[in-house]
Amino acid sequence: MQIIKHKTVVEDDWQVLHLSEADTPESVVIPAGKVLVPLQVWQAQRDILLARSDLGVWLNSEQRAETLQADIEKFSLIAVNFPKFADGRGYTLAYHLRVRLGYRGELRAIGDVLCDQLFYMQRVGFDAFAVRADKDIHQALHSLSDFSLSYQASADVAQPLFRRVQR
Amino acid sequence: MYHYDSFDQQLATERVAQFRDQVQRRLSGELTEDEFRILRLQNGLYMQIHAYMIRIAVPYGMLSAAQMRMFAHIARQYDRGYGHFTTRQNIQFNWLKLPDVPDILADLATVEMHANQTSGNCIRNITSDEFAGVAQDEVIDPRPFAEILRQWSTFHPEFAYLPRKFKFSITGATADRAAIQVNDVGLQACKNAAGEIGFRVLVGGGLGRTPVIGTEICDFVPWQHLISYAESIVRVYNQHGRRDNLYKARIKILVKALGIEEFKRQVEADWQFTKHGECTLTEAELKRVSAYFTTPPYENLSEEAALATLLQSNRAFANWHKRNVKAHKMPGYAVVLLSLKKAGIAPGDATAEQMDAAADLAERFSFGELRVTHEQNLVLADVKQSELFTLWERAKAQGLATPNIGLLTDMICCPGGDFCTLANARSIALAKAIAERFDNLDYLHDIGDIELNMSGCINACGHHHIGNIGILGVDKDGTEWYQVSLGGAQGNAASLGKIIGRSFSFAQMPEVVSRILQVYVSKRDLNERFIETVRRIGLEPFKDGVYGTPVAADEKLLNADYDLIKAGTPYDTPYYSPRF
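Protein chains in written order, with the working numbering: chain A, 1 to 167; chain B, 1 to 580.
It is worth saying that the hints were derived from the structure and are not from the lab. Predicted model, so just to flag it, every value in this text is computed and none were measured. We put the CB at the ideal spot given by N, CA and C, even for glycine. Some hints could be false.
[As the list claims (entries may be wrong)] Covered stretches of chain A (in silico footprint by chain B; criterion: 3 or more residues with CB under 8 Å from a CB of chain B, positions within the stretch not fixed):
id, region
1, 75-89
2, 113-121
3, 143-149
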């Protein structure tokens, strides 16, 4: 599928593992190849999964960034799931991953990712967006440049406007 | 007042372009109503019963004459010739078509205005003291901090999708005129023993379904840390506020659930990361913003001696002066309230002509600036006492000098069932019926200070919980009823009213109010205000007075004159109206 990564539409072959009702985090079998696993699977199978280099982890909106503190260096891809686009917890989660935990790898928004939220998502630290399949990904790309400046500090700029420029 | 620099203007312009594109995609069907709803709400745009309504931000209630004239222009060009000032010091226009809205926002941007975040689950327009900068009891002018908060909260990337709406209010005076105890965060600017400026911070206040008086979370946050501290409060709320139940999603529920100590612990734990960081306000930034709120070029005047003679010789002027003129910190000046509570008019409504006239009055008498009060009136903050009489005559000619500030007919009132899809009952119509019943000015002045607040539903836009008399529209089997509470108050001694008993029909309500006032008149001590009598004698005498004998319905209130909005002409094009 196509995603937006570093402000470009690119092909992507990561698959996102979702637990079905029958699965448990301990027992679910993780397919080969590039896989994003749920946080609870990572926690349950950490010892085995540590050996795999093609693994990313995804957090749901109610989960905490701090949970990954010890392992943050091991990942080149972390995703945050938006169960509904109006669930804003993912923004604070991303901010924490970037600013508090210093995560520097790819941070991807997955789930209910529409077009008009991308500007704010980018500001809190997302650099990749798996736009919902029924939405126009090029429109989404366009919304990344809705604004050319911002008042506040966040993950994208460490300083608020009043420290950045002479007003 | 504050003026945009190139950065502010650029953001305002880019916002208009963003929303213009979103509206286009809604009209083309690319965006579903569900997806568009949140985007339009963040631009203050509602769908009401008849049409789209936009709520335009008046940051902390401050307006220039040019901005007021822009409202008049919008009223004429896009609406039906009037607007409605709200309890968050904003203005609403009720009869809009969706394709016009981007143009309205573009017009607003030319006078440094917007409708950003006046709705939706984000940080709303910051409210403040309508007498900021001129009040005699002011410790610190809160407006520079209100503007700093406005900029910080505008398009904050982390807080656009909060569990529920989030309201800040800020005051710098000893008397609270900004309802800081019933906002999500209430800020009281103050000085500590060393003379340093900071804020007493209240959290978790609010009205609505679960009215709560705010709790102090910190007695002194130094001003340099205002933003980082506020950010930590909102961040904890964003993570932990309930999202499973719309009615339990406000921060007050979270604070109650955790307890103030635990909530404070979490806020401070977050704050430790940012407390001395880049968000710390600098002297330079405070100085830059404060420079916009300088003292106007007051003349060196003494208290106006001729005023006493005028007040003695002209009773109508004296009545107006007694109610609508307030003390000013400068000798020879006064603060004037232009009443938007003329009987028969929806409380807070102003016509385009009145807006233009108010702008003219501001330019002629008050350095070209106005304020909007949370009680839905206008303020001219810097009027020479020697010009009060001339001002009064001109305001009177425009229907802006009803001498009723703080009196029974100075009601706070939401749009209610005439406009709002949430309302259970009409409130504007009832305000009209009550104003007509109590049209005797001598009686109103005799009753004196009293706050009658009315909401058409439990969401409490009309602040009924903190009205001395609170009226709440309730639905019973699809018909409108009104529940009455007594003993609510705003200000430093804020309190929540208590319901007196079973509810009443529309046509019974003026008589109910009359009976409440009769109890007050018979029980009051000398010079005792209504709220003081209620607090002294309790609810029982009022219950006896109201429910003692059956309350007859006033037959004339059953006719259609009280349906202010006639059937209207519903728009018939898809997406133009909530009917589709």
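Evaluation of the provided hints:
1. 75-89: With 5 residues in contact (Cβ-Cβ under 8 Å with chain B), the coverage given for the region 75-89 of chain A holds.
2. 113-121: holds (count 6)
3. 143-149: It holds: at least three residues are needed, and the region 143-149 of chain A offers 5 whose Cβ sits within less than 8 Å of chain B.
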